[in-house]
Structures are given as C-alpha cells and as structure tokens.
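Make the full structure from the sequences, and use the hints.
First to last, the sequence lines map onto chains A and B.
The first sequence begins at 4 in our numbering and counts up one residue at a time.
The second sequence begins at 275 in our numbering and counts up one residue at a time.
By construction, these hints were calculated from the structure, which means they are not laboratory data.
Please note: incorrect hints may appear among the correct ones.
[Said to hold, decoys possible] Estimated spans, in silico, between C-beta atoms of each pair: (1) B:ARG317 x A:SER51: 19 to 25 angstroms; (2) A:VAL155 x B:GLU356: 49 to 55 angstroms; (3) B:PHE445 x A:ILE34: 48 to 54 angstroms; (4) A:ASP32 x B:HIS320: 42 to 48 angstroms; (5) A:ASN71 x B:ALA355: 34 to 40 angstroms; (6) B:ASP348 x A:ALA76: 32 to 38 angstroms; (7) B:ARG439 x A:ARG112: 33 to 39 angstroms; (8) B:PHE340 x A:PHE103: 34 to 40 angstroms; (9) A:LEU104 x B:ARG435: 39 to 45 angstroms; (10) A:ASN69 x B:LEU433: 40 to 46 angstroms; (11) A:ARG150 x B:TYR343: 22 to 28 angstroms; (12) A:ARG149 x B:GLY322: 53 to 59 angstroms; (13) A:PHE156 x B:SER290: 19 to 25 angstroms; (14) B:LEU428 x A:LYS31: 50 to 56 angstroms.
Just so you know, even glycine gets a beta-carbon here, dropped at the ideal spot from N, CA and C.
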Amino acid sequence: MPRAAFVPIRLYVGLAFFLSALEIVFDKDGISSWVKLFGETAAKGVDSDRVFAFYKPVLSVFVQPNANVFAWAVLVCFGILGIALILGAFSRLAGAITLFLQINFMLARGESFLGPHSDGLMIGMELAIILAAAGRVWGIDAVLHRRRPQPVFY
Amino acid sequence: MTQTQTEITPNNASKSKSLGHAAAVLRVVTGVAFATSASFKLRTGHEGFTEVMTWMINEQWVENSFAFYRPFLDAVVIPNAELFSLLVTWGEAAIGAGFILGFATRATSAFALFISLNIIMASGAIPGAPQADWAFVIAIMTIFATRAGRVWGLDGAILSRFETRPWWSIFQ
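Listed below in structure tokens is the structure:
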C-alpha cells in the first residue's frame with residue numbers, strides 16, 4: 004500500500020489549518036474579533052444543552068476566564084500545525100495535536116461526532132495522518148526518519 | 275533474492291499494517307459521514323428533501339454553481355427534482371454502507387467521487403480551497419488509491435477465499 008496516497012490528506016489538513024490562521028490574522032476587524040468570537044463560543048457552550056456535562060467545567064473554569072490566552076494559543080497552533088503538516092515535519096505529532104484541537108472544538112460546540120458535517124471526516128483524516136506517518140513521503144519527516152528512526156513523533 | 279524484489283521484513287510488515295489501518299479508519303469515517311447524511315435526508319422525508327434540494331439549487335447555489343453546469347441543473351435536475359432527491363438519498367446510503375462494510379470499495383469510491391464532484395459543480399465550491407466538499411473528494415481518492423476495503427473489510431474477507439484474483443477484484 005503506497006504511503007504517498009496519504010500525502011494529499013496531510014496537505015489538505017495542513018492547508019485548512021494554515022488558511023484558517025491567515026483568515027484570522029488578516030480579518031478586517033483584526034485579531035480582536037477572533038478573541039471575541041472565541042470567548043462567545045465558550046460562553047455559549049457553558050449555557051448550551053447540547054454540550055456534554057463533563058465538558059462544561061472545562062469551558063467555565065479554564066477556557067472562559069482565560070479566553071484571550073486560549074484564543075491566541077489556538078491561533079498560533081493553527082499556524083504552526085498548518086506549516087508542519089504542509090512541510091511534512093513531525094507529522095504524527097502535528098496530526099495528534101490537530102486531532103486534540105478538533106475534538107475540543109466539537110465538544111465545545113456540542114456537535115455530534117456522527118453528524119452530517121465534515122468535522123468527523125477531519126478527525127478521520129487526522130487519525131489517518133498519525134497511523135500512516137504521512138510526512139515520511141515528500142516531507143521533512145523522510146529525512147528525519149532516515150537519520151534517526153523515531154516512530155512516535157514522525 | 276534479487277535487489278528488485280521487496281524483502282518481507284518485520285519492518286515492512288509493520289509499515290504495511292499501519293498503512294492498512296490508516297486507510298480502513300478513513301474508509302469507515304467517510305462511510306459514517308455519508309450514512310448520517312443519508313439518514314438526515316431520510317428523516318426529512320422524500321417530499322421534504324425534494325423541497326430543500328430545489329430551494330438550494332434555485333436560491334442558495336444560483337450564483338455559485340459552475341457556469342457550464344447550470345444548464346444541466348435548470349433543464350434536467352429541477353424538472354426531475356423528485357427523482358434526483360431519491361437518487362442522492364439512496365446513493366449516499368449505498369455509499370455509506372459500502373464504505374462502512376468495506377464492500378466493493380473501488381466501485382463505491384468511484385460512485386462517491388461522481389456524486390461529490392456533481393455537488394461541487396452545483397454548489398460552486400472553489401477549487402483548491404479547503405472546504406468540506408473537497409475534504410470528501412480527497413478522502414474518497416485516498417480510499418480508492420489504497421483499496422481500503424481489503425483491511426477490516428468484506429473485500430479482504432472475500433478475496434482471501436480465492437487463490438488467484440478474480441476479474442471482478444478490480445471493483446474492490
């Protein structure tokens with residue numbers, strides 16, 4: 004089975020995250036609108052009946068009071084993870100972090116993992132990147148793996 | 275053993291296994307997405323979905339659909355909206371079942387790609403932009419390329435019963 008078949012998936016997920024970061028940075032209202040939206044989403048999640056009960060304390064105790072810090076951290080993560088996946092650098096680690104972020108977004112919005120939307124598909128794509136170590140073809144991971152085989156991060 | 279032959283080593287076997295698992299996970303997740311989309315349409319009811327589809331084509335997608343595809347929507351799809359809503363709903367259900375079970379995966383992928391590209395042309399998703407419709411296209415192409423039904427799927431179970439590959443294995 005060719006590992007190269009998973010490269011378009013790696014590039015797609017990388018591009019999706021990187022373009023999201025660019026969209027936020029170059030928004031006409033500036034990054035403040037992203038920070039505001041982030042805080043509003045967390046507040047909405049706390050009040051929503053759709054959000055799982057176990058996740059509400061995460062939103063109310065950690066995210067909501069520190070919405071500014073979380074919004075910036077997520078934005079930086081979007082950019083770095085996007086570039087890492089496009090270049091195929093530390094793709095397994097990057098895939099795992101994108102998976103973690105994606106799951107948290109879905110939990111915060113109270114979305115079903117089986118709904119007719121593409122978020123579930125993104126989770127599948129991120130799992131495929133991790134399992135296939137998609138950066139080892141046409142990526143920096145190929146060089147890293149040849150020099151020092153380390154299966155966990157790349 | 276000559277240098278051109280691939281040596282079966284524990285490393286190669288493990289690589290092949292993890293790639294197979296990656297393909298199987300992607301196949302099942304894509305199948306679940308198609309199946310839930312079909313179940314949503316079935317729950318809406320045939321008449322309800324026909325109305326929604328006609329409204330989307332006439333109102334929401336009217337300015338975005340690809341120019342060469344618009345006459346097909348106006349002349350063929352809209353007058354036969356009931357038939358097309360039925361085809362889309364049951365087509366998605368069949369694709370979902372095919373992917374989840376890993377049955378006739380290549381034929382299923384080809385059909386899924388056909389439906390997804392038609393939706394893209396109708397809705398006018400921008401080529402190359404990371405939108406949901408393109409995510410499906412990329413996932414389906416990967417499933418096709420990796421013959422994903424041969425791991426954790428009926429295709430693999432069926433093929434293992436034959437000593438030589440039957441001609442119809444091209445659909446798997």
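Hint by hint, here is what the structure shows:
| no. | hint | result |
| --- | --- | --- |
| 1 | B:ARG317 x A:SER51: 19 to 25 angstroms | holds (22 angstroms) |
| 2 | A:VAL155 x B:GLU356: 49 to 55 angstroms | holds (54 angstroms) |
| 3 | B:PHE445 x A:ILE34: 48 to 54 angstroms | holds (50 angstroms) |
| 4 | A:ASP32 x B:HIS320: 42 to 48 angstroms | holds (44 angstroms) |
| 5 | A:ASN71 x B:ALA355: 34 to 40 angstroms | violated (49 angstroms) |
| 6 | B:ASP348 x A:ALA76: 32 to 38 angstroms | violated (48 angstroms) |
| 7 | B:ARG439 x A:ARG112: 33 to 39 angstroms | violated (46 angstroms) |
| 8 | B:PHE340 x A:PHE103: 34 to 40 angstroms | holds (37 angstroms) |
| 9 | A:LEU104 x B:ARG435: 39 to 45 angstroms | holds (43 angstroms) |
| 10 | A:ASN69 x B:LEU433: 40 to 46 angstroms | violated (54 angstroms) |
| 11 | A:ARG150 x B:TYR343: 22 to 28 angstroms | violated (49 angstroms) |
| 12 | A:ARG149 x B:GLY322: 53 to 59 angstroms | holds (57 angstroms) |
| 13 | A:PHE156 x B:SER290: 19 to 25 angstroms | holds (21 angstroms) |
| 14 | B:LEU428 x A:LYS31: 50 to 56 angstroms | holds (52 angstroms) |
Of the hints listed earlier, those the structure fails to meet are numbers 5, 6, 7, 10, 11, in rising order.
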